[in-house]
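Residue numbers (this note's numbering), protein chains in the order written: chain A, 1 to 260; chain B, 261 to 520.
Hints listed in this document are in silico derivations from the structure and should not be mistaken for laboratory results.
Hints may be right or wrong, so weigh each one.
Calculated lysine-lysine pairs in the DSS-like style (CA-CA distance at most 30 Å, straight line) [as the list claims (entries may be wrong)]: (1) B:K398 / B:K331; (2) B:K398 / A:K40; (3) A:K40 / B:K460; (4) B:K398 / A:K236; (5) A:K254 / B:K331; (6) A:K55 / B:K514; (7) B:K331 / A:K40; (8) B:K300 / B:K496; (9) B:K496 / A:K55; (10) A:K71 / B:K398; (11) B:K300 / A:K71; (12) B:K331 / B:K300; (13) A:K40 / B:K514; (14) A:K55 / B:K315; (15) B:K300 / B:K398; (16) A:K55 / A:K138; (17) A:K55 / B:K398; (18) A:K55 / A:K254; (19) A:K55 / A:K200; (20) B:K300 / B:K315; (21) A:K144 / A:K236; (22) A:K71 / B:K496; (23) A:K71 / B:K514; (24) B:K460 / A:K144; (25) B:K315 / A:K236.
Just so you have them, the derived chain A footprint on chain B, three or more residues with Cβ under 8 Å [said to hold, decoys possible]: (26) 466 to 473; (27) 480 to 491.
This structure is a prediction, so every number in the text was calculated from the model and none was measured.
Note that beta-carbon positions come from the ideal geometry of N, C-alpha and C, so glycine has one too.
Now for the letters of each chain:
Protein chains: 2
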Amino acid sequence: MKSSLNPAEIRQLCRTGKLVTPTPGLASGYVQANLVILPKLLAFDFLLFCQRNPKPCPVLDVTEVGNPEPKIIASGADVRTDLPRYRIFRNGNLGEEVTEITEFWRDDLVAFLIGCSFSFEAAMLRVGLPVRHIEEGKNVPMYKTNIPCLSAGVFSGNLVVSMRPLSMNQAIQAVQITGRYAKAHGSPIQIGDPAAIGIKEIDSPDFGDSVTINEGELPVFWACGVTTQLAILEAKPELAITHAPGHMFVSDLKDDCLGF
Amino acid sequence: MKSSLNPAEIRQLCRTGKLVTPTPGLASGYVQANLVILPKLLAFDFLLFCQRNPKPCPVLDVTEVGNPEPKIIASGADVRTDLPRYRIFRNGNLGEEVTEITEFWRDDLVAFLIGCSFSFEAAMLRVGLPVRHIEEGKNVPMYKTNIPCLSAGVFSGNLVVSMRPLSMNQAIQAVQITGRYAKAHGSPIQIGDPAAIGIKEIDSPDFGDSVTINEGELPVFWACGVTTQLAILEAKPELAITHAPGHMFVSDLKDDCLGF
Chain A
1 MKSSLNPAEI RQLCRTGKLV TPTPGLASGY VQANLVILPK LLAFDFLLFC
51 QRNPKPCPVL DVTEVGNPEP KIIASGADVR TDLPRYRIFR NGNLGEEVTE
101 ITEFWRDDLV AFLIGCSFSF EAAMLRVGLP VRHIEEGKNV PMYKTNIPCL
151 SAGVFSGNLV VSMRPLSMNQ AIQAVQITGR YAKAHGSPIQ IGDPAAIGIK
201 EIDSPDFGDS VTINEGELPV FWACGVTTQL AILEAKPELA ITHAPGHMFV
251 SDLKDDCLGF
Chain B
261 MKSSLNPAEI RQLCRTGKLV TPTPGLASGY VQANLVILPK LLAFDFLLFC
311 QRNPKPCPVL DVTEVGNPEP KIIASGADVR TDLPRYRIFR NGNLGEEVTE
361 ITEFWRDDLV AFLIGCSFSF EAAMLRVGLP VRHIEEGKNV PMYKTNIPCL
411 SAGVFSGNLV VSMRPLSMNQ AIQAVQITGR YAKAHGSPIQ IGDPAAIGIK
461 EIDSPDFGDS VTINEGELPV FWACGVTTQL AILEAKPELA ITHAPGHMFV
511 SDLKDDCLGF
């Protein structure tokens, strides 16, 4: 897939079934987003959960009830067809994985588009900070913590974090750089002490892959969008639709606009 | 009223009926908040309106349905009694002004606490920037603009702005300073060109008082919380309760935490 394609071209490829693979590296400089679709009945609780937990759940756009167009971040787009791959959950159980969701769409559904770490990783790379899982061609390591999110209605659960190893000097620079991307998880939540947030084995992440931590490096932890997915699984809504991991919505928003 | 009282002491004075006057200048360094109370039926639309228009409507806290405690910004507080003065609106019409709302409270009400400009004005004063309406002992001048907010369900309307005159050098510094207070309206939305945002007569504000603009100064415009109130009036909910102008909720949050 050419990385020079613009977001509208990528969405068009998804819509016509020509792109069904993960999106990292595509449309460099543009914001990619997590997708969560829920019935209107749960929309207030979920929006409030996001509002109360902005680091793991930075809301970029919310569609009108029954309308699949995320007007604010991608005018003309359609969340039913414009992602490469989706997951269908019923009562908290994973059902089928599909490449479009037109047949599952209903008039009472609301789609939430939520910022993701690709935006701040690109910013780290631009200033020369290492992003280990990219260097090693792996998925980012993610861990369940003992930090409870602020609950909202039916949604609750502990914070999930992603980890990138850095020296202390690099970690301080990363606080400054990633702190500018408030809508993409923002600054780290912990530097150097996994036990303090309930992580027992740094080499055994709960999701994703283990990465190398070199001599002199500390594990640095950021709030992670998977937090949202766990909260949804625990709430067991009769229907929830999300992107498949790594198969994100590519928006028209520029990464560098996420701090304003 | 002693400005040395802490937020809990001020709320206690409100609760016992001993403070019924405006709150500017009280509990210096602590965030004061606009209050909007609406029935749950409208809560999703209103939260989404705020989410889509974060500059005029920065959400600091939302209470659980039927629960009057804003746990996040003031544990133990009660929005029914802890402000000095309230306004009751029915179907978009202003009814009585009261000093507590216990008798109006219902199990289906949700309270929204929304950031206000006091936080960034204090920051401007700390770096020596002038805040003209404070110098002149007036209310800040506010204007309706021709800029439509992003609508959400029943809530829509144009942006309302507040104005503070500054030299261009000062305005640039004010962009940097107030931009740090994203949860208190953030950076200005216009510098020096009222006509560009639909303001015809700078000396005739739609709300508040006219202030002096000195030779060499430009009018600088910030998004204003009154935007929210106009959107509510236009939506004509069967019941809405707000703070009375200037009679804010004094929270336990520090002004300097509003940028994170």
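Against the structure, the hints:
| no. | hint | verdict |
| --- | --- | --- |
| 1 | B:K398 / B:K331 | violated, 33 Å |
| 2 | B:K398 / A:K40 | violated, 45 Å |
| 3 | A:K40 / B:K460 | violated, 42 Å |
| 4 | B:K398 / A:K236 | violated, 54 Å |
| 5 | A:K254 / B:K331 | violated, 35 Å |
| 6 | A:K55 / B:K514 | holds, 19 Å |
| 7 | B:K331 / A:K40 | holds, 25 Å |
| 8 | B:K300 / B:K496 | holds, 15 Å |
| 9 | B:K496 / A:K55 | violated, 34 Å |
| 10 | A:K71 / B:K398 | violated, 40 Å |
| 11 | B:K300 / A:K71 | holds, 25 Å |
| 12 | B:K331 / B:K300 | holds, 18 Å |
| 13 | A:K40 / B:K514 | violated, 35 Å |
| 14 | A:K55 / B:K315 | holds, 19 Å |
| 15 | B:K300 / B:K398 | violated, 36 Å |
| 16 | A:K55 / A:K138 | holds, 23 Å |
| 17 | A:K55 / B:K398 | violated, 38 Å |
| 18 | A:K55 / A:K254 | holds, 19 Å |
| 19 | A:K55 / A:K200 | holds, 22 Å |
| 20 | B:K300 / B:K315 | holds, 23 Å |
| 21 | A:K144 / A:K236 | holds, 19 Å |
| 22 | A:K71 / B:K496 | holds, 26 Å |
| 23 | A:K71 / B:K514 | violated, 35 Å |
| 24 | B:K460 / A:K144 | violated, 56 Å |
| 25 | B:K315 / A:K236 | violated, 34 Å |
| 26 | 466 to 473 | violated (count 0) |
| 27 | 480 to 491 | violated (count 0) |
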